[in-house]
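S.K.: Read off the chains here:
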Amino acid sequence: MSRRKFLKQSSLLSLGVLTTSMYGSAFSFNANSDVIIGHNSHRYKVDMAWGNLDVSKTPVKDCHEMVQDSKGRIVLLTNHTKNNVIIYDKSGKFISSWGTEYPGGHGLTLVKENGEDFLLITDYERHQVIKTTIDGKVVFEINYPSDTGKYNDKSEFKPTETTVLENGDFYVADGYGNQYITHYNHKGELLNIFGGRGAEDDKFLNAHGICYDNRDKNNPSLLISARELNILKRFDLKGNYLESVPVPGALICRPVIHKNDIYFAVLKSKNAPNSDSGFLLIMNDRNEVVSCPGATAPSYTNSKLEELYQTVRLFQHPHDVCIDDDENMYVAQWNSGQTYPIKLIRV
Amino acid sequence: MRLLMVFCCLVLFSCTQKGSTQFLQSNQVSLAQPRVMATSTLIDSFVTIKAELKLGDVSIYYTSEGEEPSQSATKYERPIRVSNSGTFKFKAYHPDWNPSEVTELTLYKKGLDVDTIVWHSNSSEKYKGQGENTLINQTKASLNFSDPQWVGFDTIASATVSFKDNTFVKALTVSYLNDVGSWIFPPESITVILNEDPSARKIKEIEPLKSMVSRKMETVNIPIDTEVQSLRIEVHNIQSIPQWHEGHGAKAWLFMDEWILN
Numbered sequence: 009m010s011r012r013k014f015l016k017q018s019s020l021l022s023l024g025v026l027t028t029s030m031y032g033s034a035f036s037f038n039a040n041s042d043v044i045i046g047h048n049s050h051r052y053k054v055d056m057a058w059g060n061l062d063v064s065k066t067p068v069k070d071c072h073e074m075v076q077d078s079k080g081r082i083v084l085l086t087n088h089t090k091n092n093v094i095i096y097d098k099s100g101k102f103i104s105s106w107g108t109e110y111p112g113g114h115g116l117t118l119v120k121e122n123g124e125d126f127l128l129i130t131d132y133e134r135h136q137v138i139k140t141t142i143d144g145k146v147v148f149e150i151n152y153p154s155d156t157g158k159y160n161d162k163s164e165f166k167p168t169e170t171t172v173l174e175n176g177d178f179y180v181a182d183g184y185g186n187q188y189i190t191h192y193n194h195k196g197e198l199l200n201i202f203g204g205r206g207a208e209d210d211k212f213l214n215a216h217g218i219c220y221d222n223r224d225k226n227n228p229s230l231l232i233s234a235r236e237l238n239i240l241k242r243f244d245l246k247g248n249y250l251e252s253v254p255v256p257g258a259l260i261c262r263p264v265i266h267k268n269d270i271y272f273a274v275l276k277s278k279n280a281p282n283s284d285s286g287f288l289l290i291m292n293d294r295n296e297v298v299s300c301p302g303a304t305a306p307s308y309t310n311s312k313l314e315e316l317y318q319t320v321r322l323f324q325h326p327h328d329v330c331i332d333d334d335e336n337m338y339v340a341q342w343n344s345g346q347t348y349p350i351k352l353i354r355v
Numbered sequence: 064m065r066l067l068m069v070f071c072c073l074v075l076f077s078c079t080q081k082g083s084t085q086f087l088q089s090n091q092v093s094l095a096q097p098r099v100m101a102t103s104t105l106i107d108s109f110v111t112i113k114a115e116l117k118l119g120d121v122s123i124y125y126t127s128e129g130e131e132p133s134q135s136a137t138k139y140e141r142p143i144r145v146s147n148s149g150t151f152k153f154k155a156y157h158p159d160w161n162p163s164e165v166t167e168l169t170l171y172k173k174g175l176d177v178d179t180i181v182w183h184s185n186s187s188e189k190y191k192g193q194g195e196n197t198l199i200n201q202t203k204a205s206l207n208f209s210d211p212q213w214v215g216f217d218t219i220a221s222a223t224v225s226f227k228d229n230t231f232v233k234a235l236t237v238s239y240l241n242d243v244g245s246w247i248f249p250p251e252s253i254t255v256i257l258n259e260d261p262s263a264r265k266i267k268e269i270e271p272l273k274s275m276v277s278r279k280m281e282t283v284n285i286p287i288d289t290e291v292q293s294l295r296i297e298v299h300n301i302q303s304i305p306q307w308h309e310g311h312g313a314k315a316w317l318f319m320d321e322w323i324l325n
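For the record, the sequence lines run as chains A and B. Using the working numbering, you'd call the opening residue of the first sequence number 9 and step up by one each time. Using the working numbering, you'd call the opening residue of the second sequence number 64 and step up by one each time.
I should point out that these hints are in silico values taken from the structure, not numbers from a laboratory. As the structure is a prediction and not an experimental result, all values here were calculated from the model. Where hints are given, some of them may not hold.
[Unchecked claim] Heads up, simulated DMTMM-like pairs for lysine to aspartate or glutamate below, C-alpha to C-alpha not over 25 Å straight-line: (1) A:278 x B:210; (2) B:117 x A:314; (3) A:312 x A:236; (4) A:278 x B:251.
[Claimed, not checked] Facing chain B, according to a computed beta carbon distance under 8 Å, are these residues of chain A, among others: (5) 41; (6) 43; (7) 49; (8) 53; (9) 56; (10) 247; (11) 249; (12) 280; (13) 282; (14) 283; (15) 318; (16) 321; (17) 322; (18) 332; (19) 334.
In this text, a Cβ means the ideal position worked out from N, Cα and C, and glycines have one as well.
Next up, chain A with everything else stripped away, as it sits in the complex (with noise of 0.2 Å):
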């Protein structure tokens, strides 16, 4: 967004505070006509003045990923190199901000080390995965595969994603590189690459997300979204393919575990003629889809998922949840005009 676009709407912002306030006692809703998003068991009301900060102090630019920290804290990452952490408390109060030096910061995931928490940070434009503090301390920076012969140079390297094992491996998703999957021990030394550009099934075509699935505790496994393709596939952990997980119509984000549900943000709707067309997704513990807030119900016809669509402009480019110790959700959106999370209030 340009800045004079920027300006504007802050000026409006305020604008509107001023203005409505006049005329807020004119309005009274009726209780009952709040907004419920979402399907069977997990239907939503939708906070949208949650986290909205002063900014001119703390702006965001793109949100794109959240999660919550042993404490408890909404820990939110952004483009903005004025503050690209920011961390909040459950009601959306701002606790503290760091970092500067994420222009491309992208993938946001929480490492706990014997009681302590790490971060493990994407940045597409330094070509690096970084891990920090929870108070943005770096404690190293991992730069392209160079060894492996599948990158010409650092600029292929635009890593989207990391997930972190009980026993600190991780893996590195290059969902806008060269869609290459890399698996790392606990110090960041290269263990595995698989994955890479394509159609095909153990390939990608923009491998936006990376999760540790170990709702099998006997069979722990990897879903990777595969996001232009509009499918969840799963890997074993050694990079075996195993199976595919079609979401026709969605451009899934990256899958977030929680308990037993695997929850997306879906950046857009594949046809729908406005891009600002995304929604949200969850699937239960065999992976089928129960409820799509702000889109069509889900539904199967002979084990086949019908398409999903966006039927409310509410979401605009959704592009991360997080789900909190009181199953309630935050929404991050991506080019969304500038705009703080929503919070959505399980029903």
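Take the given structure of chain A and dock chain B to it, following the hints.
M.R.: Coordinates of chain B only, in the frame set by chain A:
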């Protein structure tokens, strides 16, 4: 802007009603546009149009004379069978949510059969459609730019189409994709040279875009009104992406769909 207004209201309400969360109300959000699908947009004998927005209590209304559908327009109940060209507009209404924007669909009469097409410019390697005849194969593309009925160019689309014999052509209709979010822009101008005679030239300029718009398929109509054996058609891309766009200064894409001669 729509969300910004919602946002302003909510900031306010959270201030005036301290302590209680003011949740989003359905009258603050619009429905998405209805999905409209036609068996073809080129009519040989007839085509069938379907419209849907799969959300409870939604009603879709439509018009076929170009006016915006109100709730007193015809209600969509079942697929519509159409045998004449025209523009259909569909709009979704709901008791709680605000009405949708309009989805527009234009149907054309199937064009004259062209004998040959000779290309003077190359399409992009990635978006070459279904080969040289894609623009005269009497099949229109969908809204999705990766549909193989689209042919993408980054400078100019230039080709000569010929008939077997001299044929009276009333008009040429050029269809293109307007999807500025994907850096695909309407052309700047179209030149048609009749029978390879540089003095028999028709030029059509296209009004440049001034801001972001939802993606849609558009057409421009160029009257010919004469007997011709061949037409050299040159569709010029805009020089560079305009200032108001995030990609300003860079090359824009030009995506061509069917060239229809009637």
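S.K.: Would the stated hint for residue 41 (chain A) survive a check requiring a Cβ distance to chain B of less than 8 Å?
M.R.: This hint holds: residue 41 (chain A) lies near chain B, its Cβ roughly 5 Å from the closest one there, short of 8 Å.
S.K.: Mind checking the CB of residue 247 (chain A) against every CB in chain B and telling me if the closest is under 8 Å?
M.R.: violated (28 Å)
S.K.: Please verify that hint: residue 318 (chain A), Cβ, nearest Cβ of chain B, below 8 Å or not.
M.R.: holds (5 Å)
S.K.: Run the distance test for residue 278 (chain A) versus residue 251 (chain B): straight-line Cα separation, threshold 25 Å.
M.R.: Not OK: residue 278 (chain A) and residue 251 (chain B) at ~28 Å, beyond 25 Å, violated.
S.K.: Regarding the hint that residue 56 (chain A) lies at the interface with chain B, is the smallest CB-CB distance below 8 Å?
M.R.: Nearest chain B Cβ about 5 Å off; hint holds.
S.K.: Answer holds if the nearest beta-carbon of chain B is closer than 8 Å to that of residue 280 (chain A); otherwise answer violated.
M.R.: holds (7 Å)
S.K.: Next pair to validate is residue 117 (chain B) with residue 314 (chain A); report whether the Cα-Cα distance is within 25 Å.
M.R.: Within the cut-off at roughly 11 Å; holds.
S.K.: Verify the interface restraint on residue 282 (chain A): the C-beta must sit less than 8 Å from at least one C-beta of chain B.
M.R.: Residue 282 (chain A) check passes; min Cβ-Cβ to chain B is 5 Å, inside 8 Å.
S.K.: What's the verdict on residue 278 (chain A) and residue 210 (chain B), does the C-alpha distance respect the 25 Å limit or exceed it?
M.R.: Between residue 278 (chain A) and residue 210 (chain B) the Cα gap is close to 12 Å, so the pair holds against 25 Å.
S.K.: Measuring from the C-beta of residue 53 (chain A) to each C-beta in chain B, is the shortest one below 8 Å?
M.R.: holds (4 Å)
S.K.: Is it true that the CA of residue 312 (chain A) sits at most 25 Å from the CA of residue 236 (chain A)?
M.R.: holds (19 Å)
S.K.: Using 8 Å as the Cβ threshold, decide whether residue 49 (chain A) counts as touching chain B.
M.R.: Result: violated, 18 Å to nearest chain B Cβ.
In terms of the numbered hints stated before, the structure departs from hints 4, 7, 10, 11, 18 and 19, listed from lowest to highest.
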